[in-house]
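Using the sequences plus the hints, can you model the full thing?
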Amino acid sequence: MKAVIEVDNLSTRFGEHWVHRDLNLVIEQGEVMALVGGSGSGKTTLLRQMIGLLYPTKGQIRLFGEPLFTGSIVQERNLRRRFGMLFQYGALYSAFNVFQNIAFPLRELGVLDEDLIHELVMLKLSMVELLPRHAWLMPSELSGGMIKRVALARALSMEPELLLLDEPTAGLDPDRSESFVRLINSLHKQLGLTVVLVTHDLDTLAGMATRVAVLAEQRILALGTIDEITRVDHPFIRNFFCCDRAQRALQERMGEAAR
Amino acid sequence: MSGASLSLETDAEGRRWLRLAGEWRLMALASRYEAIRAELGNRAQDGGLGWNLDSIESLDSVGAMMLWQAWGHRFPERLLVPPSLEPVFARLYASSKKPETGPEPKKRLEWVVTVGRLSLALWRHLVDFIALIGQLIIDIGHVLRDPREGPWRETSANLYKSGVRAMPVTALVGFLIGIVLSYLSALQLKNFGADIFIVNILGMGIIRELGPVLVAVLVAGRSGSAMTAQLGVMRVTEEIDALATMGVSRSLRLVFPKVAALAIAMPLLVLWTSAIALMGGAVSAQFQLDISYGFFIDTLPKVVPVANLGIAMAKGVTFGILVALVACHFGLRVRPNTESLSSNTTASVVTAITVVILVDAVFAIATRKIGMPL
Numbered sequence: 001m002k003a004v005i006e007v008d009n010l011s012t013r014f015g016e017h018w019v020h021r022d023l024n025l026v027i028e029q030g031e032v033m034a035l036v037g038g039s040g041s042g043k044t045t046l047l048r049q050m051i052g053l054l055y056p057t058k059g060q061i062r063l064f065g066e067p068l069f070t071g072s073i074v075q076e077r078n079l080r081r082r083f084g085m086l087f088q089y090g091a092l093y094s095a096f097n098v099f100q101n102i103a104f105p106l107r108e109l110g111v112l113d114e115d116l117i118h119e120l121v122m123l124k125l126s127m128v129e130l131l132p133r134h135a136w137l138m139p140s141e142l143s144g145g146m147i148k149r150v151a152l153a154r155a156l157s158m159e160p161e162l163l164l165l166d167e168p169t170a171g172l173d174p175d176r177s178e179s180f181v182r183l184i185n186s187l188h189k190q191l192g193l194t195v196v197l198v199t200h201d202l203d204t205l206a207g208m209a210t211r212v213a214v215l216a217e218q219r220i221l222a223l224g225t226i227d228e229i230t231r232v233d234h235p236f237i238r239n240f241f242c243c244d245r246a247q248r249a250l251q252e253r254m255g256e257a258a259r
Numbered sequence: 001m002s003g004a005s006l007s008l009e010t011d012a013e014g015r016r017w018l019r020l021a022g023e024w025r026l027m028a029l030a031s032r033y034e035a036i037r038a039e040l041g042n043r044a045q046d047g048g049l050g051w052n053l054d055s056i057e058s059l060d061s062v063g064a065m066m067l068w069q070a071w072g073h074r075f076p077e078r079l080l081v082p083p084s085l086e087p088v089f090a091r092l093y094a095s096s097k098k099p100e101t102g103p104e105p106k107k108r109l110e111w112v113v114t115v116g117r118l119s120l121a122l123w124r125h126l127v128d129f130i131a132l133i134g135q136l137i138i139d140i141g142h143v144l145r146d147p148r149e150g151p152w153r154e155t156s157a158n159l160y161k162s163g164v165r166a167m168p169v170t171a172l173v174g175f176l177i178g179i180v181l182s183y184l185s186a187l188q189l190k191n192f193g194a195d196i197f198i199v200n201i202l203g204m205g206i207i208r209e210l211g212p213v214l215v216a217v218l219v220a221g222r223s224g225s226a227m228t229a230q231l232g233v234m235r236v237t238e239e240i241d242a243l244a245t246m247g248v249s250r251s252l253r254l255v256f257p258k259v260a261a262l263a264i265a266m267p268l269l270v271l272w273t274s275a276i277a278l279m280g281g282a283v284s285a286q287f288q289l290d291i292s293y294g295f296f297i298d299t300l301p302k303v304v305p306v307a308n309l310g311i312a313m314a315k316g317v318t319f320g321i322l323v324a325l326v327a328c329h330f331g332l333r334v335r336p337n338t339e340s341l342s343s344n345t346t347a348s349v350v351t352a353i354t355v356v357i358l359v360d361a362v363f364a365i366a367t368r369k370i371g372m373p374l
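Read top to bottom, the protein sequences are chains A and B. Going by our numbering, the first sequence opens with residue 1, and the numbers climb by one from there. Going by our numbering, the second sequence opens with residue 1, and the numbers climb by one from there.
It should be emphasised that the hints constitute simulated quantities derived from the structure, not laboratory data. Be aware that a few hints might be false.
Said to hold, decoys possible - Quick look at which bits of chain B chain A covers, simulated, 3 or more residues with Cβ under 8 Å:
| hint | region |
| --- | --- |
| 1 | 25 to 33 |
| 2 | 58 to 65 |
As the list claims (entries may be wrong) - Residues of chain A clear of chain B, computed beta-carbon distances all greater than 10 Å:
| hint | residue |
| --- | --- |
| 3 | Ile61 |
| 4 | Gln75 |
| 5 | Val232 |
Using N, Cα and C, we set each Cβ at its ideal position, and we do this for glycine too.
Okay, structure coming up:
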């Protein structure tokens, strides 16, 4: 298996506060890795560092085997075009309509003609299960679930090999969040993507992740499948996975898998 | 990683095939996009040609879409697709089945609708503005009855932000305008030997007219835009709704302090700016016309009746209230997107300056018999 993301002895400090200390993590091609942890454990910080939005205090991160900050503008841009990010609140450009939002990265490329872009945008829309008429709406006219879908379509528009999701189901009702999980799962299967997600929601976690990394005490506390993680004896993990609600969510998933 | 490539071959039965190989992915295709598209287009003209996709290493929807477009949105008669690539084409096929709808076409009488929409928008602005003033009057009544309920802390913060912090820039602009005005007038007055009238011109012009309008324009650009942007962002982040939920009146806590602060700060700024502008004028007059500072200061009260100062103060209060009201009006209309924020901030400044100049004209007519030198 090829490593898509390698995090090497990463340390992060905000002021006097250490968020990570000597953190190591390898994410392999084709897996769905979930980062979980309490509030303030630096999950989103880690995600942002992986895609170069934040610079680590110490240590290095490699994407597809290449370091993120090389100083070469072209190299960095090409690397950035190989992954897509779904932000927690969608981060759709509010001055653009849905079509322009999805077409934006394709147009930035500067080589594709408008015909092809048009058809590609319509394809992405249908991939995230939206209708062609939704393309002409403005982001302010969309519901929360639709914003996530459009943001996902935009993240997929550059045909990324790696997809990063920050709280993909936060703010969606259980029904919507389940269908969103199903959508990402089917895209993951179809496109062979590597997915990294940060989540608080156990249903999402159980529904998507092939591996889980638990962030606590400034490092990766545990790494493995959900099954393995739940057997680790640590106060944080016990609290996170072993309350009633969590057990129910997990058992449901296990039951489904068995059937 | 190998780029996309095409090659012609003939099989045992003598049929011609076009073999596609390599990476048909966006990043690999982008560098040679035009060339590959042209070649695909040419090959697709040839109806007898078979398409063999067996050797394609990877294919994403951009690559598949290029093929699909070259084929004219249907599958060619002879096509070999390995099972691993089938889902990509299945997706394309599924999406091409959906009927497309563009944005609604323009109707012929569109301009009637546009004019109507604009008039309605103007009407709504007026109604909202009047409602804002009404609400403010109710708030003032409420505060007068129970002064402890007044947002005095916010008012004082606004007073500092839009009053004290505006002093350097208004002083600088006032001083320079004073110099320019005095210099240009001096050039004309010299011709008539009417040197000493420079004091009349500067005194009347600056105190009665230029000072208040200059300050109003500066404050509209400086504090008015800031007020609109602040309220707009609070709207975007739902802070205004949060205030309302806690039972705090948004007009009392957000609008009143701004209006009160500018109503107090503006006349003081007018006084300050006019004084500095007159100083600039005096400096220039001394250089140009040899009019001493002592003479300038001595003559000023004799040629400018004190009523003019009252008019300037009244203008200052009025303009201050108007600038703050217009700023708040547009700030509260911001909808939660970046476009709306920027257009409302622009509209706020432009409207404030226009309204100030309109009201200034009203002042000029209403006070035409007051404060004129004999």
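Hints and how they fare:
1. 25 to 33: Holds: 6 residues of the region 25 to 33 of chain B have a Cβ under 8 Å from chain A.
2. 58 to 65: Since three or more residues must qualify, the claim that chain A covers the region 58 to 65 of chain B holds, with 4 doing so at under 8 Å.
3. Ile61: holds, 21 Å
4. Gln75: The claim holds: Gln75 of chain A sits with its nearest Cβ about 13 Å from chain B, beyond 10 Å.
5. Val232: holds, 37 Å
This entry satisfies every hint, going by the numbered hints stated previously.
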